[in-house]
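Undergrad: Chain residues, written in single-letter form:
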Amino acid sequence: MKVVYRKSPGLTDVPMHYCPGCAHGIIHKLVAESLVELDVLGRTIAVAPVGCAVFCYEYFNCDAQEAAHGRAPAVATGIKRVHPDSIVFTYQGDGDLASIGMAEIVHAAMRGENITVIFVNNATYGMTGGQMAPTTLVGQQTTTSPLGRSLVGQGAPLRVSEMLATIEAASYVARVAVSTVARLAVAKRAIKKALKMQVDNKGFSLVEVLSTCPINWGMPPVQAMRWVEQTMIPVFPLGVFKDIDGGT
Amino acid sequence: MARKLMKGNEAIAAAAVNAGCRYFFGYPITPQNEIMEYLMKELPKVGGSCTQAESEVAAINMVYGAAGAGARVMTSSSSPGISLMQEGISYIAGAELPCVVVDIMRAGPGLGGVQPSQADYFQATKGGGHGDYRLVVLAPSTLQEAVDLTELAFDIADRYRNPVMVLADGMIGQLMEPVEINAHTPAEDLKPKDWATTGTAASGGRKRIINSLYLHPDELELHIRALYEKYAQVERSEVRYELQACEDADIVIVAYGTTARIAKSAIEKCRRMGLRMGLLRPVTLYPYPFEAFEKVMERAKAFLVVEMSMGQMIEDVKIAVAGRRPISFFGRTGGIVPTAEEIAKHAQAALERGAP
Chain S
1 MKVVYRKSPG LTDVPMHYCP GCAHGIIHKL VAESLVELDV LGRTIAVAPV GCAVFCYEYF
61 NCDAQEAAHG RAPAVATGIK RVHPDSIVFT YQGDGDLASI GMAEIVHAAM RGENITVIFV
121 NNATYGMTGG QMAPTTLVGQ QTTTSPLGRS LVGQGAPLRV SEMLATIEAA SYVARVAVST
181 VARLAVAKRA IKKALKMQVD NKGFSLVEVL STCPINWGMP PVQAMRWVEQ TMIPVFPLGV
241 FKDIDGGT
Chain V
1 MARKLMKGNE AIAAAAVNAG CRYFFGYPIT PQNEIMEYLM KELPKVGGSC TQAESEVAAI
61 NMVYGAAGAG ARVMTSSSSP GISLMQEGIS YIAGAELPCV VVDIMRAGPG LGGVQPSQAD
121 YFQATKGGGH GDYRLVVLAP STLQEAVDLT ELAFDIADRY RNPVMVLADG MIGQLMEPVE
181 INAHTPAEDL KPKDWATTGT AASGGRKRII NSLYLHPDEL ELHIRALYEK YAQVERSEVR
241 YELQACEDAD IVIVAYGTTA RIAKSAIEKC RRMGLRMGLL RPVTLYPYPF EAFEKVMERA
301 KAFLVVEMSM GQMIEDVKIA VAGRRPISFF GRTGGIVPTA EEIAKHAQAA LERGAP
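Those protein sequences? They're chains S and V, same order as listed. Sequential numbering of the first sequence, starting at 1, is according to our numbering. Sequential numbering of the second sequence, starting at 1, is according to our numbering.
FYI, nobody ran anything at the bench for these hints, they're computed from the structure. Small disclaimer: the values here were computed from a predicted structure and weren't measured. Errors might be hidden in some of the hints.
Under the rule of at most 27 Å between Cα atoms (straight-line distance), these lysine-lysine pairs were calculated in the BS3-like manner [as the list claims (entries may be wrong)]:
no., chain 1, residue 1, chain 2, residue 2
1, V, K345, V, K318
2, V, K207, V, K230
3, V, K45, V, K4
4, V, K230, V, K301
5, S, K192, V, K264
6, S, K193, S, K7
7, V, K191, V, K207
8, V, K269, V, K295
9, V, K230, V, K269
10, S, K196, V, K207
11, V, K191, V, K230
12, S, K7, V, K207
13, V, K207, S, K193
14, V, K264, V, K301
15, S, K192, S, K7
16, V, K41, S, K202
17, S, K196, S, K7
18, V, K45, S, K202
19, V, K193, V, K230
20, V, K207, S, K29
21, S, K202, S, K2
22, S, K188, V, K207
23, V, K207, V, K264
24, V, K269, V, K345
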């Protein structure tokens, strides 16, 4: 019998705890496949966030450290200083990276830390029950913006990739989505490219992945994917915002 | 090595390098900046690196990462900066990572001032961060002792996989004294770091995770109980203190760090005046040297606690003395260092109150 598909050896056999329709599982798979294809899994150290992906250290088949909320880029910096030949990536959500951990992500990029950041943007705090995130859209209802996020007093969503792309030492910054099958191939290429930048010692790389939170958005999974396409992408345009290799 | 005149902060930094510390992460704050400045020059020479972080919060989390990666690593700060590091220290204790944190205390609360203080006793010894954990705390009173204890701190940290704090004040940090730094050999009982994240290829395939998350209460309770078995061992094995002139002392001063050093000159002064005074100097603030009090209790008529604070260590002295003798307190605070004369005067008064 011919094997046409198998789970990436970059993932463990532990059942994932993610909600039905959540895209974390897809993103984990793309990261794991990229690590295996680049042949770096054995020298990879993952840094897990606080948020829905807190248990990602159980799912990636490599060494890992669990960081305090928002501090993953600082923890990754510490690891990378000790093991410069290892491949260190952080996996962070929007509350973790763009709210409490904003200083850490900006300064890791500023220093040009040779690490890779997988930034999962689902426009809400999933783990704590759907509160307003820095990436929540204007008008989007959450438990802490029950009338919809108001431009006055609560502001407009942060576009993290555009902001970090202005930092000189960032080598690669891209935003992708996993909301259609066609987009998966683009997302995979971006993630692999970001990790390759690190393998080649080119400095800080980040891929922002637009993701879903059907439970807290109050939508069935298919509708959530459609919401990414129709509502999120117009606010968070996809593309490569920085590539020192000259790609776009 | 021959004795060399050094500033306290530089001596601590040099001792760290000597003890095998290869990574340092810090953020500028007075009065301890010489530590990072020294290490920026020296660590690259020995194959290490010194990183100026964006904040104390980031610095302590970099320490977490480096410690979890298996390195000997240190950070230093002063009181307000240590407040910011407390969350990270709690995570480091929870994840059982070894590291050394130096606190060159300045006066608080708030922005306070930059002059010497001992008002971080509570946040150092009573779990400044959240949760059930302890920090081993070493308190030097001379520059030579700062060197020795900094080196020891790395061994204790590795032995128990726990953060260790070197708690000194701005006086120790800024003072210049001759110190001797001899080649340091790590303690022989230290186990290989077979838990550190190095990549599975380097560690033989078994995946390693650094973590302090235990969502099931029964698992977390087991984890915390294991931590406390470790702390019980620390309390049995790591207590350090000094007794001076206590054999015939009627009044025993209890003081640590710079204050203890000043108390020593007060002892000479008092003994010339016929007042039999001794000094009990805790070197480890956790584990606290409760047993030392038993050695002086029979002879002592009263205790005088002297601190550069409004009275923090005195709470541990009260536990140690347990109502058996009167305890007086003399403290200067806000950055004021007590004089030997003041200590002598208060010792006389404490004895008169304590021995009617």
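Undergrad: So, for every hint listed, does it hold in this structure?
TA: Hint-by-hint comparison with the structure:
The hinted pair formed by K345 (chain V) and K318 (chain V) meets the criterion: a straight-line CA distance of about 22 Å does not exceed 27 Å. Between K207 (chain V) and K230 (chain V), the direct Cα distance comes to roughly 25 Å. Compliance with the 27 Å bound is thereby established for this hinted pair. Proposed proximity of K45 (chain V) and K4 (chain V) is supported: the alpha carbons are some 20 Å apart, at most 27 Å. Proximity of K230 (chain V) to K301 (chain V) is assessed by CA-CA distance (about 36 Å); at most 27 Å being required, the pair is judged violated.
Between K192 (chain S) and K264 (chain V) the alpha-carbon distance is near 65 Å, which puts this suggested pair outside the 27 Å criterion. With a CA separation close to 21 Å, the supplied pair K193 (chain S) and K7 (chain S) stays within the 27 Å bound. Proposed proximity of K191 (chain V) and K207 (chain V) is supported: the alpha carbons are some 19 Å apart, at most 27 Å. About 24 Å separates the Cα atoms of K269 (chain V) and K295 (chain V), which keeps this hinted pair within 27 Å; it holds.
Distance restraint check for K230 (chain V) and K269 (chain V): the Cα-Cα separation of roughly 43 Å exceeds the 27 Å cut-off, and the hinted pair is therefore not satisfied. The straight-line distance between the Cα atoms of K196 (chain S) and K207 (chain V) is roughly 23 Å, inside the 27 Å bound, and the hint therefore holds. Only pairs whose Cα atoms come within 27 Å are accepted, and K191 (chain V) paired with K230 (chain V) is accepted, the gap being roughly 15 Å. Restraint check: the Cα-Cα separation between K7 (chain S) and K207 (chain V) comes to about 18 Å, which is no more than 27 Å; the hinted pair holds.
Between the alpha carbons of K207 (chain V) and K193 (chain S) the distance comes to roughly 25 Å, so the proposed pair stays at or under 27 Å and holds. Proximity of K264 (chain V) to K301 (chain V) is assessed by CA-CA distance (about 19 Å); at most 27 Å being required, the pair is judged to hold. This hinted pair checks out: K192 (chain S) and K7 (chain S) have alpha carbons roughly 17 Å apart, not beyond 27 Å. At roughly 25 Å between alpha-carbon atoms, K41 (chain V) and K202 (chain S) fall within 27 Å of each other, so this suggested pair holds.
A C-alpha spacing of about 22 Å is found between K196 (chain S) and K7 (chain S), which places the hinted pair at or below 27 Å, so the restraint holds. Of the supplied pair hints, the one linking K45 (chain V) and K202 (chain S) holds, its CA atoms being roughly 24 Å apart against a limit of 27 Å. Taken as a hint, the K193 (chain V) and K230 (chain V) pair is honoured in the structure, with Cα atoms around 17 Å apart against an allowance of 27 Å. Simply put, K207 (chain V) and K29 (chain S) have alpha-carbon atoms about 18 Å apart, close enough for the 27 Å limit, and the pair holds.
For the proposed pair K202 (chain S) and K2 (chain S), the alpha carbon gap of about 39 Å is over 27 Å, so the pair is violated. Of the pairs offered as hints, the one joining K188 (chain S) and K207 (chain V) holds, with about 25 Å between alpha carbons and a cut-off of 27 Å not exceeded. Between K207 (chain V) and K264 (chain V), the direct Cα distance comes to roughly 54 Å. Violation of the 27 Å bound is thereby established for this hinted pair. Distance restraint check for K269 (chain V) and K345 (chain V): the Cα-Cα separation of roughly 10 Å lies within the 27 Å cut-off, and the hinted pair is therefore satisfied.
Going down the numbered hints, you'll see the structure goes against 4, 5, 9, 21, 23, while the others check out.
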